[in-house]
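Listed in order, the protein sequences are those of chains A and B.
First residue of the first sequence? That's 1 in my numbering, and the numbers climb one at a time after it.
First residue of the second sequence? That's 1001 in my numbering, and the numbers climb one at a time after it.
Treat the hints with care, as some may be off.
Below 20 angstroms or equal to it, Euclidean Cα-Cα: the simulated PhoX-like pairs (lysine-lysine) are [said to hold, decoys possible]:
| no. | chain 1 | residue 1 | chain 2 | residue 2 |
| --- | --- | --- | --- | --- |
| 1 | B | Lys-1155 | B | Lys-1119 |
| 2 | A | Lys-76 | A | Lys-283 |
| 3 | A | Lys-26 | A | Lys-283 |
| 4 | A | Lys-163 | B | Lys-1120 |
| 5 | B | Lys-1023 | B | Lys-1216 |
| 6 | B | Lys-1149 | B | Lys-1184 |
| 7 | A | Lys-27 | A | Lys-220 |
| 8 | A | Lys-76 | A | Lys-39 |
| 9 | B | Lys-1023 | B | Lys-1007 |
| 10 | B | Lys-1122 | A | Lys-283 |
| 11 | B | Lys-1184 | B | Lys-1216 |
| 12 | A | Lys-163 | B | Lys-1155 |
| 13 | A | Lys-6 | B | Lys-1231 |
| 14 | B | Lys-1119 | B | Lys-1007 |
| 15 | B | Lys-1119 | A | Lys-163 |
Honestly, the hints are just simulated from the structure, not real lab data.
In this text the structure is predicted, and so the values were computed from the model without any measurement.
Residue strings, one per chain:
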Amino acid sequence: MNVLDKGINALFMDPEPDNARQFFAKKSRAMTDKRMNEKDAVERFIPDGCYLAIGGFGANRIATAVIHEILRARRKNLGFFGHTSTHDFQLLCAGQCIDRVDIAYIIGLEARGLSPNARRVMESGEVQVCEWTNYALAARLKAAAEGVSFAIVRCMLGTDTFKMSAARVIECPFTGKKYAAVPAVWPDVAIIHVHHADIYGNCQIRGISIADLELARAAKHVIITAERLIDNTAIRMRPTQTVIPFYLVDAVIEVPFGSYPGNMPYLYYSDEDHLAQWLTVEKDPQEFKKFLDHYIYGVSSFEQYLERCGGLAKLKQLQKLETLVDS
Amino acid sequence: MTREYNKVEMMICASSRYLEDGKTVAVGTGAPCATAMLAQKTASPNLVILFEAGGLAPALPQMPISVGDSRTFFRGIMAAGMVEMMTTCCRGLVDYAFLGGAQIDKYGNINSTVIGNYKKPKVRFPGSGGANDFASFCWRTLIMTVHSKSRFVEKVDFVTTAGFLTGPGAREEAGLPLGTGPYKIITDLAVLGFDEKTKTMLIESVHPGVEVATVKQETGFELIVPDFIRKTPPPTDTELRILRGEVDPLRLIIGRS
């Protein structure tokens, strides 16, 4: 196949499908109880230097409890899959956890504005970068999930986003059309928050799936946090609702309100006050340090974090906001 | 008759009129969300709105703060995922991409990645998100942005998202789908279009009270000034009532003026 053009940045992950197959050949298929707490999950599956991907959409259906634990465990030199990331990326920057990032969307919190601290981190030049687009990154997961080494997309072409990527331009053997070839990515670990899971890791998600179905199938290890654990019988009663089957999953953690301060479809809306507080306090590094100590480093559990953010009263408000939307 | 309205309200109302009933539009984050909702609640109840995270054709109850929040599929037709939405665009089923912009050049190329040197940027912005994808795939790209010399520049520091790239034929040469490209740029001063031959920006209409000279002055490159330039109709009472009362009651977007 003719390669007509190349992006100049380095690829962080090996796109060789047979290497990935070697890994998956050894992955357990046993339907065992995978419950553990976030501390053990981070200890076992998120070592320093590994390449991490986070499901959801930045501040929607994110696994906040595990991200907080990554900070408390002082993880360093992580690679990050910067796909649709907002508050999740803001957290990783707050913990100075990353040293390389595949970028489609970082730093911003959409209509809320840009994170001053994440900007500082990315403007320091200390984090290695490679540019992509949201679809290109979803397509890279899709290729990995299909067990092949690249996907063909019609975006990125002609732009500096392509130039600063690690994609290639190739020629179609049938039509001569030019396409961007984007390499498969098998993240070392993915953390995904879902509505329901059983103890084996069979998962149900309500609402949009974003790129999580592809992500769960691409990642070598998958950590699931679930709003609620349900019985295996409940999974078997409605098999059409299973979107992630157990053999993809390594750890299951029950975390009610686990997407807080993000939105969880049908359950609670995002806490815009708390997210706004982040953007304000980040402007002053001293204040920001105190803020992080109070909300993350100084708490021992996600429950305690929820307490410090206003506890049940606050969560009820957010439930109401979400259901008002649904009334 | 005179009405009070601010620049952002003008920009949103002018933009919403391009989102025709029964068409499909892929919407970017921020002001485009508010605009699509206004269109849906005024002239285009059957506007099919797509969000990159997977929301399809919601009856927007409030302006989404994120293109992946639960409002983006409230009473929608489908709650799918990104691959479904983007491949729908790539198949040619989506009429409009509707985006915001940080920096833009005369060919409609958008920069939302960096200001300054790429390796050690003066300012780092979020990057493409889904913008590059939508503007590559959808038939016509609408862009709304505040009009100033620092945003409308001769050459963008980084082409995040393809406009007409370097001019006629460049998109096709790069491999982008045939017949696609930027369509209108809606600012707080004017609506800009593109010259068929040169694929460079021209003034199509100026908003009420805005002089053509001001538009030229706030643009960092030579705009084509046709003999006939329309006046953009001002926001109507209905548009303003719905925009303020239903779309953005907290003034998250319209309060930025």
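Worksheet entry | Hints not upheld, ascending by number | 2, 3, 5, 9, 13, 14
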